[in-house]
Amino acid sequence: MTFGQFLLVAVLAVPGLGAVAVAGVPADRAARLVGTVAAGLTLLAALPLAAGDRGWFAWSAGAPAVRPWHQLDVPWVPALDLRFHLGVDGISYPLVVLTALLTLLCCGYTLWRVPAGGSGRALVALLLVVEVGILGTFLALDLVLFFLFFEVVLLPMYAVIAGWGGEDRRRAARKFALYTLFGSVLLLVGVYVVVAAAGTADIVALTGGAGLSRGTQLFAFTLLALAFAVKSPLWPLHSWLPDAHTQAPTVGSVVLAGVLLKMGTYGLIRVAVGVAPEGARWAAPVLGVLAVAAILVGALVCLAQTELKRLIAYSSVGHMGFVLLGVATLTSTGIRAALIGNIAHGVITGLLFFLAGAIKDRAHTGALGELSGLRETAPRLAGLLGFAAVASLGLPGLAGFWGEAFAVIAAIEVGGPLWTTLGVLAAVGGALTAAYFLRLLRQVTHGRPSPAVGRLAPTLAGAELTAWAPLVLLALAIGLAPALVLGIAEAPVDALVEVLP
Amino acid sequence: MSVQSVDHVALLPAYLAAATAVLVLVTDLMLARPGLTRAVAGLGALATAAGAALVGAGGERGTFCVEADCSYVFGGRAALVGALFALLTLAVLGLSGGHLRAGRAPAGEYCFLLACAMTGGVVLGAAGDLITLIVALETLTLPLYVLVGLRRGSLASAEAAITFFVVSVVATTVSLLGAALLYAVTGELHLGRLGTLLAERPDLHDLPLTAAAATLLLLGLAFKVAAVPFHAWAPATYDGAPLPVAAYLSTASKLGGVVALLAVVTAALPADLTGPVLALLAVLTMTVGNLVALRQRRTVRLLAWSSVAQAGYILAPLGALALTAGRTGEARAGAYAAALAYAVLFVLLELAAFAGVTALRPADADGGTLDDLRGAARRHPWLGAGLGLALIGLAGLPPGLAGLFAKVTVVRSLLDGGAGWLALVVAVNAVIGLAYYLRLTARLYAPPVGAGAASAPGAGRGAAAVLVVASVVAVVVGFAPQLVLDLTAR
Numbered sequence: 001m002t003f004g005q006f007l008l009v010a011v012l013a014v015p016g017l018g019a020v021a022v023a024g025v026p027a028d029r030a031a032r033l034v035g036t037v038a039a040g041l042t043l044l045a046a047l048p049l050a051a052g053d054r055g056w057f058a059w060s061a062g063a064p065a066v067r068p069w070h071q072l073d074v075p076w077v078p079a080l081d082l083r084f085h086l087g088v089d090g091i092s093y094p095l096v097v098l099t100a101l102l103t104l105l106c107c108g109y110t111l112w113r114v115p116a117g118g119s120g121r122a123l124v125a126l127l128l129v130v131e132v133g134i135l136g137t138f139l140a141l142d143l144v145l146f147f148l149f150f151e152v153v154l155l156p157m158y159a160v161i162a163g164w165g166g167e168d169r170r171r172a173a174r175k176f177a178l179y180t181l182f183g184s185v186l187l188l189v190g191v192y193v194v195v196a197a198a199g200t201a202d203i204v205a206l207t208g209g210a211g212l213s214r215g216t217q218l219f220a221f222t223l224l225a226l227a228f229a230v231k232s233p234l235w236p237l238h239s240w241l242p243d244a245h246t247q248a249p250t251v252g253s254v255v256l257a258g259v260l261l262k263m264g265t266y267g268l269i270r271v272a273v274g275v276a277p278e279g280a281r282w283a284a285p286v287l288g289v290l291a292v293a294a295i296l297v298g299a300l301v302c303l304a305q306t307e308l309k310r311l312i313a314y315s316s317v318g319h320m321g322f323v324l325l326g327v328a329t330l331t332s333t334g335i336r337a338a339l340i341g342n343i344a345h346g347v348i349t350g351l352l353f354f355l356a357g358a359i360k361d362r363a364h365t366g367a368l369g370e371l372s373g374l375r376e377t378a379p380r381l382a383g384l385l386g387f388a389a390v391a392s393l394g395l396p397g398l399a400g401f402w403g404e405a406f407a408v409i410a411a412i413e414v415g416g417p418l419w420t421t422l423g424v425l426a427a428v429g430g431a432l433t434a435a436y437f438l439r440l441l442r443q444v445t446h447g448r449p450s451p452a453v454g455r456l457a458p459t460l461a462g463a464e465l466t467a468w469a470p471l472v473l474l475a476l477a478i479g480l481a482p483a484l485v486l487g488i489a490e491a492p493v494d495a496l497v498e499v500l501p
Numbered sequence: 001m002s003v004q005s006v007d008h009v010a011l012l013p014a015y016l017a018a019a020t021a022v023l024v025l026v027t028d029l030m031l032a033r034p035g036l037t038r039a040v041a042g043l044g045a046l047a048t049a050a051g052a053a054l055v056g057a058g059g060e061r062g063t064f065c066v067e068a069d070c071s072y073v074f075g076g077r078a079a080l081v082g083a084l085f086a087l088l089t090l091a092v093l094g095l096s097g098g099h100l101r102a103g104r105a106p107a108g109e110y111c112f113l114l115a116c117a118m119t120g121g122v123v124l125g126a127a128g129d130l131i132t133l134i135v136a137l138e139t140l141t142l143p144l145y146v147l148v149g150l151r152r153g154s155l156a157s158a159e160a161a162i163t164f165f166v167v168s169v170v171a172t173t174v175s176l177l178g179a180a181l182l183y184a185v186t187g188e189l190h191l192g193r194l195g196t197l198l199a200e201r202p203d204l205h206d207l208p209l210t211a212a213a214a215t216l217l218l219l220g221l222a223f224k225v226a227a228v229p230f231h232a233w234a235p236a237t238y239d240g241a242p243l244p245v246a247a248y249l250s251t252a253s254k255l256g257g258v259v260a261l262l263a264v265v266t267a268a269l270p271a272d273l274t275g276p277v278l279a280l281l282a283v284l285t286m287t288v289g290n291l292v293a294l295r296q297r298r299t300v301r302l303l304a305w306s307s308v309a310q311a312g313y314i315l316a317p318l319g320a321l322a323l324t325a326g327r328t329g330e331a332r333a334g335a336y337a338a339a340l341a342y343a344v345l346f347v348l349l350e351l352a353a354f355a356g357v358t359a360l361r362p363a364d365a366d367g368g369t370l371d372d373l374r375g376a377a378r379r380h381p382w383l384g385a386g387l388g389l390a391l392i393g394l395a396g397l398p399p400g401l402a403g404l405f406a407k408v409t410v411v412r413s414l415l416d417g418g419a420g421w422l423a424l425v426v427a428v429n430a431v432i433g434l435a436y437y438l439r440l441t442a443r444l445y446a447p448p449v450g451a452g453a454a455s456a457p458g459a460g461r462g463a464a465a466v467l468v469v470a471s472v473v474a475v476v477v478g479f480a481p482q483l484v485l486d487l488t489a490r
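From first to last, the protein sequence lines stand for chains C and Z. Residue 234 in my numbering sits at position 234 of the first sequence; the count goes up by one each step and never skips. Residue 15 in my numbering sits at position 15 of the second sequence; the count goes up by one each step and never skips.
Everything labelled a hint here was simulated from the structure, so no lab data went into it. The structure presented is a predicted model; accordingly, all values stated were derived computationally and were not measured. Fair warning: there could be bad hints in the mix.
If you anchor each label on the Cβ, the simulated ranges turn out as follows [to be verified]: (1) Ala-333/Z to Met-1/C: 33 to 39 Å; (2) Arg-281/C to Asp-206/Z: 45 to 51 Å; (3) Met-1/C to Gly-192/Z: 57 to 63 Å; (4) Leu-284/Z to Pro-396/C: 55 to 61 Å; (5) Phe-479/Z to Met-1/C: 54 to 60 Å; (6) Arg-295/Z to Val-25/C: 38 to 44 Å.
Take a look, some chain C residues computed to stay more than 12 Å from chain Z by CB distance [unchecked claim]: (7) Met-1; (8) Arg-67; (9) Leu-72; (10) Ala-162; (11) Arg-170; (12) Trp-282; (13) His-364; (14) Arg-375; (15) Glu-376; (16) Ala-483.
The C-beta atom is built at its ideal place from N, Cα and C for all residues, glycine as well.
Can you build the whole structure from these sequences, using the hints too?
The following block contains the structure:
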């Protein structure tokens, strides 16, 4: 076993064993500490995955379109074509690191504050299980294994929402579980449509179509795209998202918005587009139209929102619309825009949900009408909110800019009346995004302090700053040096685009 | 006519099972100590399981043969089925502690009847002709009529027994009529010969009478697995029966129906006749079962309707036979193996679920309403976790990996057979199913309201032990499903 393979296993085993350890430690605070340490070790194991022989400068014709830096491949259930096949490359690596980082921040945050509803110990254990599922999804190079990890996330996340959520948590959690299960069962059928036709579930071998007939590809892509559209979520399958994000506890919302949605967009790029490229080409216009509809609908709904967390949740619909637009162009620019958009959204929306949670915890309300003048009583909190909102609306120099700008550029580059219109409409959606975030800032931070805001103390807890600082820095770093993400994604994305018909 | 030689080794598991029944009766008569009687029955069941495994390991043996066709064939699949029946009987004996100690059922008769049912199950797996098959199935079912009604002073129990009896007798008559018509058409009873004859003589195959006979035989057997539209007896019977007997009904009795159906469909009847009927049954069964289960307020009724739905998933792979692509040799073998694999995994999880309910309810109580289990997992974390795992497994989601792989096996075999539409029906049904499994599981972890809910479980260590063993096996099989898939593919 090479060092890289050891790391791949460690990235999944450490949080898994950590969850067991957390469940086994009887003292609540000690258990939370153990969980945080496990999440930290996971991040430490994930970071060096980038080291080692990349080999992508020496590509030759005939090499597969997916060339992982490290991989591990052992049989698990031969009768179901299931192999325990893990690997990491430039498309998955940033998401792996983001997942490990956000989980660490969330676990650390629970050391300081446990949301009402249940024991902090159980919450940390569940977060770690969710982490295993998400990381497994990003690392899996076997279709069936991918599906398996995709499913692992569902119930722990349900439990997080149902156990520690807001007032309407039961309904929101149930809606989340049923919607996403609907997505995953379509994924299951889609996966076995491919496996039955190709006789293998190896993503490396399948990427590029692997001689699947056109009919099979269209059917498989329809199923897979529907499955990922529920998870991403793509309008009009998004209606689980606002409820789940609004009702989930702060750490739950951060993980949900930060990385869970990315399983959908990642799956779309790696599995749906990779395995059924002809299907992708065929469905691209539909995907593009839906993505732009999501951008516009998300923005318009946000303009009418009166609740802080709900507004941020709906803003995710719009942002993921940009990501999906990028994927739908099926060009190198577009897919790279989607990847950096994914990461930027994870960082910024994670931060926004942390801040929204902090405001709601302090003011005991999230209604925008009852919040105003935050900068008078809590200037630091207001400043951070301003930063995050501006980053999210896509100000150049911050992380949110690249994904949205390049998604529009990619659409215009594809050309033709349809894609040009889509690009223009998406740009209009971008402007609307700015409008609702500025409206949010005007309502919350400016004006005379409302009674709820007037009581706030100006200080921020150390734990909060510790949790937020990495996200602020990352939003800046990715904004100033997008090559951090784009650089490592370039080669694998080019390889993927090459095999598209 | 030559004198038949009888292979007593092949019959060993059946002898062991029958001997268990006799020994239980004698022990009860001589010593009259309920604990001892139960122990003897348990040991007998264990010996039967071991015997089945041993004989099965030695390759296929047939007896009561006419030329190449045997009425009793003990091979790998028969060994698996026999061992399963014996182990299920053992588990149900474990669950019965509270019920028997409460003194509302006579221990001797109870154990004797269970052992008789086990004998039927063991023979059923090895049946090689239609008469053996139907007689074995009746031997399995007949003791259950009595067991369901064996609860002194319970009107619900008596009603359940009558419902079950009447419906089941009608079902048997229907299958017998089917078998008789089949005999009238072909002059054969051996499953293998029926299959060859119908394949070789298309003129017989096209007779309306053949189609009618095949359909009647299938429908009669469909009663036993509680497939829609022959399911109405199941919820009433399960709910009226004592919990351990309900567990036996929903596991062993259902397995019996599945084994009988598989035997007939695999060997005897042409796939183009059975396929459409089975596809229709599967779709109706899972959809109706799941939809009605959504509305249930009583735990056992919810489990009963869910087990109706699960019967639909078991039948689903056989539904692929309706299409030409599903009738190629490989797809057929895959479909039978998938149906059996699903049945095995389902039986395991269903047993764990019933053991969980039994363990969390007061001694000799019925299943109660869903609210009676509210907060149970907070008071008894391990028992609650076991029951939760079983329910999630039945829904087919991680961490219930055994159930997930069961669903995956079904979907895979359907797509290999080209029945994508049926796979989609299964998939959508899995979503509906999650809604009520989740409702029950969430109830287990909900904060208890009011007093009175804190009643201690009293079923004792037996039920807890069964739950632990079933959960451990489910977890092991969840990580290594190949074990089950290998056994069922033989």
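Hints, verified against the model:
1. Ala-333/Z to Met-1/C: 33 to 39 Å: holds (37 Å)
2. Arg-281/C to Asp-206/Z: 45 to 51 Å: holds (47 Å)
3. Met-1/C to Gly-192/Z: 57 to 63 Å: For Gly-192/Z against Met-1/C, whose Cβ atoms are near 51 Å apart, the range 57 to 63 Å is violated.
4. Leu-284/Z to Pro-396/C: 55 to 61 Å: holds (60 Å)
5. Phe-479/Z to Met-1/C: 54 to 60 Å: violated (20 Å)
6. Arg-295/Z to Val-25/C: 38 to 44 Å: 42 Å Cβ-Cβ, so the 38 to 44 Å window holds.
7. Met-1: The assertion about Met-1/C holds, with a minimum of 20 Å to chain Z.
8. Arg-67: holds (29 Å)
9. Leu-72: holds (17 Å)
10. Ala-162: violated (6 Å)
11. Arg-170: Arg-170/C is in fact no farther than 12 Å from some Cβ atom of chain Z, at 8 Å.
12. Trp-282: holds (18 Å)
13. His-364: Holds: least Cβ distance 22 Å, greater than 12 Å.
14. Arg-375: holds (40 Å)
15. Glu-376: holds (40 Å)
16. Ala-483: holds (38 Å)
Hint violations for this structure: numbers 3, 5, 10 and 11, all remaining hints satisfied.
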